[in-house]
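J.: As a plain string of letters, each chain reads:
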Amino acid sequence: MPKIRDLFNQLKQQNKKAFIPYLTYGFPNLGVFEQTVLAIAKTGVDAIEIGMPFSDPIADGPVIQRSSQIALEKGATLPGLLLTLKKLRRKVDAPFILMTYYNPVFYMGDNSFCRKAKGIIDALVVPDLLPEEGRSLNDHCRKYGIDTVFFIAPTTDLGRYGLIDKNSSGFIYYVSVTGTTGSRNKFDGALYKKIAAAKAKVKGPVCVGFGISTHEQVKRFCRVADGVIVGSAIIKFIDENHKQKNFIDKLQRFIVDLKGKEK
Amino acid sequence: MKLPNNRGYFGKFGGKFVPETLEYALRELASAYFKYSKEKSFKQEFAYYLKEYAGRPTPLYYAANLSKMAGLRIYLKREDLLHTGAHKINNALGQILLCRRMGKRRVIAETGAGQHGVAVATVCALFGLQCEVYMGKLDMERQAPNVYRMELLGAKVIPVLSGTQTLKDACSEALRDWVTNVNATYYLIGSTVGPHPYPVMVRDFQSIIGRETKAQIKKKENRLPDYLAACVGGGSNSLGMFYPFFHDKSVKFIGVEAYGNIKQHGASLCKGRVGILHGSKSFVLQDKFGQIEEAYSISAGLDYPGVGPEHAYYKAIKRAQYFAVTDKEALGGFKVLCELEGIIPALESSHAVAQVMKMAGDIKKNSLVVVCLSGRGDKDLDNVMNYQNSHK
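Chains X and S supply the protein sequences, listed in that same order.
With the working numbering as the guide, the letters of the first sequence map in order to residues 657 to 919.
With the working numbering as the guide, the letters of the second sequence map in order to residues 2 to 393.
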């Protein structure tokens, strides 16, 4: 069984929820990126989501846009990402979830991409791919043992939950806000009920992401979902601190504070 | 075969490549469009505003002097005479009537040169709707008069600072706004690009160009033209001209892209590769890792690294031929029309004129050619002056 479902089954048995940090590949540069992955892996996160930078990231807010632009200027490419993760794979146990817009994958070819990503990437998230358009990529992912993740948004109507569930072999990514990535002070009050309702309707695990930036928010969402994804808050922290001494220690503390200590 | 199919595909091009958040909005838009656009009251209202407000029908003018020089029979479809100075108003009117029926009170748009932004600001003023236009910061500097026009019309122009600060980034930013404010907002896309149903909807609203042309040329020449020529950025004036002639196999379509300074250009169909940009699959200018490249042309309206999926389909089935014309050649077309016909064309349209002049020796003498003069050139005078000063 692929690694991602295994992970959620294990967590469920232990009555735990997944904490998944997001990092932009190649940000703030290729070298520091590798160090951040290793540092974060040591804090005991359940999986690491790695974002492939794209020139036109329409689902991302200013923080991830900026990190993507910087990473591209530093020479981030999709083949480069696969090489780097292949190397890191030997030192990191946590599953790698790749987030990429569709064009870089499409350019490489669905089959060719999946063949190269096999054994490196455990799951794939494509924010501009609906399940209806993702059939070919989904088939190739299955063939090479890569889990797929599709989204439920606040605007998704109930009629599509089945389709999204069926196509998401890893987990379902519940988008917490109608909007782009980036921290929010407040969430819609009805959101927690909506997530609980979604969980009741689908078979696969549900993780919540977009806008989550504090430990309180992490705790709150973990009560209703199977896990949370934190992105922009971490990127912002890296952006502001990577030139400082003890950056790695600080980053690890920041991650531990976000996810909370093991009970 | 129905084009596009229910999933918005023209052959293998088109589709809906968007975040899940927009899935519902696009379905809502498609069903509203296919419902209202068939209704008699919608058609009547659209026809009324096209005639009384925009100034249709536009003349199909026989360019006698140009014809004589080229050894062809050349007609110009005068979209440049429309209110706001370009064909963009056709689509803006069509979509704003749809927006009103959908009950949305806030309208957003992207703009490059500002022509589409001005058209949207115009129709929003007309119908009392809130209007916000995204425009790359670089484009705002290059097209300052149009920024002021939009503001006079009551629109808010929002500078886009991300990426290359041009049209493609304005598009991305407008999509992000729509993802955020999807329930109350209508996104009025200006060309035959974007996710389904935009490419088909914009093409339909612009088809008035080709339908009028067909009736006019039959009356004047008692036959169909041999060639239709139009410039292609996103592709709306060209598809508006071509589409009504799709089944008239004797009519050849000539699409003209911007070849810029050759090193940098906007020739997605001639020089790009199939990819996904702003919600649809089509030809895209991109590097060897699938990152979108910056487009360039002296004409801001052709300065886009993608192109409408229906054009990609026409290219694939060889229904249209596509050429690329350089800045320098386009300026040649610009001058020739100024001097021979007393018409100052938009630099976009000048590309189509230039291509016809280039082809003149190679095609049959006295062939009947219609050129879509998509806009007027007043907006470009500064650019032309600057170019001529720097290339002396």
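The reader is advised that the hints may include incorrect statements.
Which residues of chain S face chain X? A few of them, derived with a C-beta cut under 7 Å, are [unchecked claim]:
(1) G16
(2) P20
(3) E21
(4) T22
(5) E24
(6) Y25
(7) F128
(8) L130
(9) Q131
(10) L154
(11) V158
(12) I159
(13) Q166
No lab work stands behind these hints, which were simulated from the structure alone.
Think of the CB as a built atom: it goes at the ideal place given N, C-alpha and C, for glycine as much as any other residue.
J.: Each hint should be assessed against the structure and marked as holding or not.
T.: We went through each hint and held it up to the structure:
{"no.": "1", "hint": "G16", "result": "holds, 6 Å"}
{"no.": "2", "hint": "P20", "result": "holds, 5 Å"}
{"no.": "3", "hint": "E21", "result": "holds, 4 Å"}
{"no.": "4", "hint": "T22", "result": "holds, 4 Å"}
{"no.": "5", "hint": "E24", "result": "holds, 6 Å"}
{"no.": "6", "hint": "Y25", "result": "holds, 5 Å"}
{"no.": "7", "hint": "F128", "result": "violated, 26 Å"}
{"no.": "8", "hint": "L130", "result": "violated, 21 Å"}
{"no.": "9", "hint": "Q131", "result": "violated, 19 Å"}
{"no.": "10", "hint": "L154", "result": "violated, 27 Å"}
{"no.": "11", "hint": "V158", "result": "violated, 19 Å"}
{"no.": "12", "hint": "I159", "result": "violated, 14 Å"}
{"no.": "13", "hint": "Q166", "result": "violated, 12 Å"}
Of the numbered hints stated above, those contradicted by the structure are hints 7, 8, 9, 10, 11, 12 and 13, listed in ascending order.
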